[in-house]
Amino acid sequence: MIFTLLKAELQKVWSRPIFELTLGLVFLISLNSVSTLFEIATQSGLQSKFNTLVTESLVNIMSFQMLPLVLFCGLIVSLSFARDYEQGQMQTLLSLPVSRASLFAVKFVAVVIPLTLVSWGVTVFVVLLNFYSTAANNLVVIQSAAWALPITFLAVMFYAGLAVVISLALKRTIPSVLTTLITGFFVWFITRLRVEVIGDIANYLVFTPYKAPTVALGRVLGMKYPKAGLENALPAWGFLALIVFYALVFLVPAYLYFTRKFEVKE
Amino acid sequence: MNITRVGLVSLIVGLILFMNASSSHVSGNLTCSFDILDENDTQSYVILTAPVGPANMAVGLPPTRHPGLPEGFGQYDLVDVPVHLKVTDADNKTLVEQDVVTPYSFDADFKERGIYTVYVTNKGTEKTTMPLTVIFDFNNPQNREADKFMLSIVLTAVGAAIIVVGFVINFVSKSLRCNRFLV
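Taken in order, these protein sequences are the chains called W and X. The working numbering numbers the first residue of the first sequence as 1 and each following residue consecutively. The working numbering numbers the first residue of the second sequence as 1001 and each following residue consecutively.
Rather than coming from a laboratory, the hints here were simulated on the basis of the structure. Misleading hints may appear alongside valid ones.
To be verified - 27 Å max Cα-Cα, derived DSSO-like pairs, lysine-lysine:
#1 Lys49(W) to Lys1174(X)
#2 Lys211(W) to Lys49(W)
#3 Lys12(W) to Lys171(W)
#4 Lys1127(X) to Lys1086(X)
#5 Lys171(W) to Lys7(W)
#6 Lys261(W) to Lys171(W)
#7 Lys1111(X) to Lys1127(X)
#8 Lys49(W) to Lys1111(X)
#9 Lys211(W) to Lys224(W)
#10 Lys7(W) to Lys1174(X)
#11 Lys1174(X) to Lys1127(X)
#12 Lys12(W) to Lys1086(X)
#13 Lys49(W) to Lys1093(X)
Taking the hints into account, I'd like the entire structure generated from these sequences.
Shown next as structure tokens:
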């Protein structure tokens, strides 16, 4: 029953043209965030330069992918939760012999897993396309890109959690889509502000849900940040723990609300 | 996912890649200088590159220094230094091997993705830097990445073909269904 529900949910939320638009926008942005491979190095410094280039490209791609992921996550979650409520399908779904927890999990997974896979698949494709050379280097690229999968997953979980809270609160498709898009864009925009604009507080933006995943990826892959930068304030696992926290911060209340308090009114 | 959708995805990816890969992204020049070479010392530069096509390379081209730098800056940037130059391509095939006098420029063609190596041996008697400069034309379409461009064409063509096949299959199956119903 759960798998049938999941299949139906996947077909519903990823119907044409949502999947194509998501893939196209994520691919366009990712492709434009990497530069053509052309580097001069010494023989001894080549491998380290190559590793640095791959890491920088991965972090760049993830950083630029944030905006389309936020926007599409908000859109798709709203279509999944709020539209079902608005069209009266939620009542039917809740009357099925599956627990509310399972229903919530199905709806959440149907958005988060495909979006993570689209984002990560595009990242691997773009980085491999840009850096493929010897077998050893290809392995380095794949190993580095593998780290992007769990980190992207956690980042998408945060956006989806935020969007679920908004959708369950507003219960209407258009208002929740708009609110999610505006909220996502606003929070993303704040993280783009520089020291020149908002002063020293800009340094603390590395701990925000939109910046922390890219810093976590950079730290895990050994990227060098300025010594005085707050990127070095936490170890790599510290940033990973932070993004796990962010992933759960909206998800847990949304889950509790959906399984205990959520009611469908006639 | 039906076949038409697979074709559409391939077409989208192909077209976006085509937009990106059909223009040059390596305009301008890049100069690197790592060590100071003593007599008979050899410096090897490795160029890790995508297949970006024709360029002009120069060895021993002294960098432009701003006036007013402290004395001693650029004291090793010598010209008219006899050197032995060897350039190998991504397949380790020798492209250039000759004795020249710096600054010396030559044409290079980065046809394949991989590592090109430039070996320069100082045959003079004085210490000197040996900068390597690679110069690309501004926005020369020949400097687009050949492999990405080719892949984009393949993906676009395959995508378009799959969409057409999908439409034909849909049309035929619908016609057959209609005929069966009429019979």
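A quick look at each hint next to the structure:
1. Among the hinted pairs, Lys49(W) with Lys1174(X) is inconsistent with the structure: their alpha-carbon atoms are about 57 Å apart, more than 27 Å.
2. Of the pairs offered as hints, the one joining Lys211(W) and Lys49(W) holds, with about 24 Å between alpha carbons and a cut-off of 27 Å not exceeded.
3. About 18 Å separates the Cα atoms of Lys12(W) and Lys171(W), which keeps this hinted pair within 27 Å; it holds.
4. Proximity of Lys1127(X) to Lys1086(X) is assessed by CA-CA distance (about 20 Å); at most 27 Å being required, the pair is judged to hold.
5. Taking the CA atoms of Lys171(W) and Lys7(W), the gap is near 23 Å; set against the 27 Å cutoff, the hint holds.
6. Between Lys261(W) and Lys171(W) the alpha-carbon distance is near 14 Å, which keeps this suggested pair within the 27 Å criterion.
7. A threshold of 27 Å between alpha carbons decides the hint, and for Lys1111(X) with Lys1127(X) the separation of about 34 Å lies outside it, so the pair is violated.
8. Restraint check for Lys49(W) and Lys1111(X): the C-alpha separation of about 22 Å stays at or below 27 Å, so the hint holds.
9. In summary, the hint linking Lys211(W) to Lys224(W) is supported, as the alpha carbons are separated by about 16 Å, within the 27 Å threshold.
10. Restraint check for Lys7(W) and Lys1174(X): the C-alpha separation of about 25 Å stays at or below 27 Å, so the hint holds.
11. Between the alpha carbons of Lys1174(X) and Lys1127(X) the distance comes to roughly 81 Å, so the proposed pair goes past 27 Å and is violated.
12. Taking the CA atoms of Lys12(W) and Lys1086(X), the gap is about 61 Å. The hint is violated against a cut of 27 Å.
13. Between the alpha carbons of Lys49(W) and Lys1093(X) the distance comes to roughly 24 Å, so the proposed pair stays at or under 27 Å and holds.
Hint compliance for this structure: hints 1, 7, 11 and 12 are broken, all remaining hints hold.
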